[in-house]
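K.L.:
For reference, the chains in residue letters:
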Amino acid sequence: MDYSAIDPALLLATLMISATPILLAAIGELVVEKAGVLNLGVEGMMITGAICGFAIAVESGNPFLGLIAAALAGAALSLVFAFLTQILLSNQVATGLALTLFGLGLSSLIGKPYAGIKPPASPRLDIPLLSDIPVLGPILFRHDPMVYVSLALVAAVWFFLKYTRAGLILRAVGENHDAAHALGYKVVRIRFLAIMFGGACAGLGGAYLSLIRVPQWTEGMTAGAGWIALALVVFASWRPWRVLLGAYLFGGITVLQLNLQAAGLAIPVEYLSMSPYIVTILVLVYISARKGRGNLDAPASLGRTFHATH
Amino acid sequence: MKRRTFLASAALALGIAGAGAALAEEKMKAGFVYVGPVGDFGWTYQHDQGRQAVKAEYGDKVETTFVENVPEGADAERVMTQMALGGADIIFATSFGYMDAVQKVAKKFPNVKFEHATGYKRADNVATYSARFYEGRAVIGTIAGRMTKTNKIGYIASFPIPEVIRGINAAYIHAKKVNPDVEFKIVWVYTWFDPAKEADAATALIEQGVDIIMQHTDSPAAMTIAEEKGIMAFGQASDMSQFGPNAQLTAIIDNWAPYYVERVGAVMDGSWKSQDTWHGFKEGMVQLAPYSSKVPSEVQAEADAMKQAIIEGSYHPFTGPLNKQDGTPWLKEGEVADDGTLAGMNFYVEGIEGEIPQ
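As given, the protein sequences belong to chains A and Z, one line each in that order. Residue numbering for the first sequence is 1 to 310, as defined by this note's numbering. Residue numbering for the second sequence is 1 to 358, as defined by this note's numbering.
Honestly, I wouldn't trust all of these hints.
Which bits of chain Z does chain A cover? Going by a derived footprint, with three or more residues having C-beta under 8 Å, they are [unchecked claim]: (1) 36-49; (2) 140-146; (3) 177-187; (4) 191-205; (5) 345-357.
In silico lysine-lysine, DSSO-like type, Cα no more than 30 Å apart, as pairs [what the hints assert, rightly or not]: (6) A/Lys-112 with Z/Lys-55; (7) A/Lys-118 with Z/Lys-152; (8) Z/Lys-177 with Z/Lys-152; (9) Z/Lys-61 with A/Lys-118; (10) Z/Lys-55 with Z/Lys-152; (11) Z/Lys-152 with Z/Lys-332; (12) Z/Lys-61 with A/Lys-112; (13) Z/Lys-229 with A/Lys-112; (14) Z/Lys-149 with A/Lys-118; (15) Z/Lys-229 with A/Lys-118; (16) Z/Lys-176 with Z/Lys-324; (17) Z/Lys-29 with A/Lys-112.
Simulated from the structure, these hints should not be mistaken for laboratory data. Just so it is clear, the structure is predicted and the values come from calculations on it, not from any experiment. For glycine and all other residues, C-beta sits at the position ideal for the given N, C-alpha and C.
Can you make the complete structure from the sequences, with help from the hints?
P.N.:
Here it is in structure tokens:
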């Protein structure tokens, strides 16, 4: 055993990269669910974003354009979901599952010519003075811009939901769509916007995977990250900062357990492998339970179909 | 009147059914069950190359179908049952974890032939087949031992099954033989296909100082990371040089095509029998990708010589003296491991650190 081989600074830096895709997808889904819509198509939107971002980045040679394309693609796919569930009033769970299957198939189709191609390298932010600080430099200041974007997004969502009037309206729609409707708020329009935001975030998360974290295109490369993101929103009891905590915990322990294995820790590998799931669930459940409330803060109208009768 | 119409339509229906059966008899159906996507550029990709070879060989006489991304477990049973009900004459189940599902479905459909890759349970209508990947592992182990500068070699392992353990042992024995200072760092990722996790495992290994990565997972993610970080790696199941033009030293290539063509042909002419096939370099089921120019010519020659000796049968990668990890003797001087022990290998050889997950 040689724990000195594990460099904590490198580990923390890798943790942030590893957690960013699920963080992006989860923060988007949080907004969707806060508006009272359950979109189980996160995985499908992620993988569609992954391939669209990859394709555009390769064609244009610009990873930044790729990320924008990924967000647009995710939003476009989510529009299908929004149309089916909000206009045609289809079942949200079934439609979301269908969206995942559709996204996986669509991405394989689009991705056929892109397998085995190298995407253009994404620039890493190397802030001259800050990145030279020992320990903190590599952890905080040498990432690609998307890591900071994801953090900023969490802060923005938190601020939006908590302190803005628009955020209050969005939450009202999610808590009681009939009341919100009676007050004159456009429930369907607000939900459309929320669903599109969720789609764009999921698309970005997918593109982060195919452009920066792995960087390559392989069919089915999200391999369940969308489902982790969905679970994270529930375990974080619909709070933005807890989503961040959950994502970093999950990403961090995933990376840590691989490092511990490589260092030869004498704990059975099975326990190490399940640790990211267990620890994330335990910590978030503990936080939720601490307040002594049985209620998990789920938006009251979550998953319910809204049909304006008057 | 009514009865007559009924009889007439019943006769018509029977006639159609009969014609359908006749049509189905002409065309043979072969089904393939894959654990990953056909575009993984690794394990499943190679199996699908085999399926395409069957199509090319027999043309209109055979109809091939495949289902990709089939999880090992209850889903596999469902997919195979559906294939059998759909009239498949032979079903290739291409992952170790399908073993029990194959046995169950095979019992229900005694007239359908099943081929299970890398498994060891057979029945009258279940054959098993695998490749002696360990022969390739022995060669890449030798190359790795010669090429490493940090003397640390990373190994991304999937599941603790005999096939994977055999590969680790074969690579380790031969790396150690040419470089006594070599050390293996093994990471179990518990998945065949998850590019993000495979990439994370590669990153973790590189951060701990390995400069060569071997993998027993299906995607080229680790190769991509090796390329990015400027270290060396070996392709797995397929030539992965397009993902790591500078990183890949060589790759072990699984070549299933000749076997698939032969077995489908055997079903056609009625000569199919349950058997256990385990082919290696000699039969061409295991191949090596061209060496990278980074591999010095003397190392290439050494690798080629070993490959040749294995083909001729003058060398076996598991030749004694070899001890098990705990120091108990396994093979005496000059003794060669038998296939039974290899097929069920559940122990590390002496020198490897860490425990095999149970």
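K.L.:
All hints are to be evaluated individually against the structure, with a verdict given for each.
P.N.:
To see whether the hints hold, each was checked on the structure:
For a cut-off of 8 Å, the count of residues in the stretch 36-49 of chain Z with a CB near a CB of chain A stands at 6, and the three-residue condition holds. Look at the stretch 140-146 of chain Z against chain A: 0 of its residues bring a Cβ nearer than 8 Å to a Cβ of that chain, fewer than three, so the hint is violated. With 3 residues carrying a beta carbon less than 8 Å from a beta carbon of chain A, the stretch 177-187 of chain Z meets the three-residue requirement, and the given coverage holds. With 12 residues carrying a beta carbon less than 8 Å from a beta carbon of chain A, the stretch 191-205 of chain Z meets the three-residue requirement, and the given coverage holds.
With 4 residues carrying a beta carbon less than 8 Å from a beta carbon of chain A, the stretch 345-357 of chain Z meets the three-residue requirement, and the given coverage holds. Between A/Lys-112 and Z/Lys-55, the direct Cα distance comes to roughly 21 Å. Compliance with the 30 Å bound is thereby established for this hinted pair. Only pairs whose Cα atoms come within 30 Å are accepted, and A/Lys-118 paired with Z/Lys-152 is accepted, the gap being roughly 27 Å. Between the alpha carbons of Z/Lys-177 and Z/Lys-152 the distance comes to roughly 14 Å, so the proposed pair stays at or under 30 Å and holds.
Restraint check: the Cα-Cα separation between Z/Lys-61 and A/Lys-118 comes to about 40 Å, which exceeds 30 Å; the hinted pair is violated. Only pairs whose Cα atoms come within 30 Å are accepted, and Z/Lys-55 paired with Z/Lys-152 is rejected, the gap being roughly 44 Å. Proposed proximity of Z/Lys-152 and Z/Lys-332 is supported: the alpha carbons are some 28 Å apart, at most 30 Å. For the given pair, Z/Lys-61 sits about 28 Å from A/Lys-112 by alpha-carbon distance, which is consistent with the 30 Å threshold.
For the hint pairing Z/Lys-229 with A/Lys-112, the CA-to-CA distance comes to about 26 Å; that is within 30 Å, so the pair holds. Annotation: proposed proximity of Z/Lys-149 to A/Lys-118 holds, straight-line Cα distance about 27 Å (limit 30 Å). A distance of roughly 14 Å separates the Cα atoms of Z/Lys-229 and A/Lys-118; the hinted pair therefore holds under the 30 Å criterion. A C-alpha spacing of about 15 Å is found between Z/Lys-176 and Z/Lys-324, which places the hinted pair at or below 30 Å, so the restraint holds.
Simply put, Z/Lys-29 and A/Lys-112 have alpha-carbon atoms about 26 Å apart, close enough for the 30 Å limit, and the pair holds.
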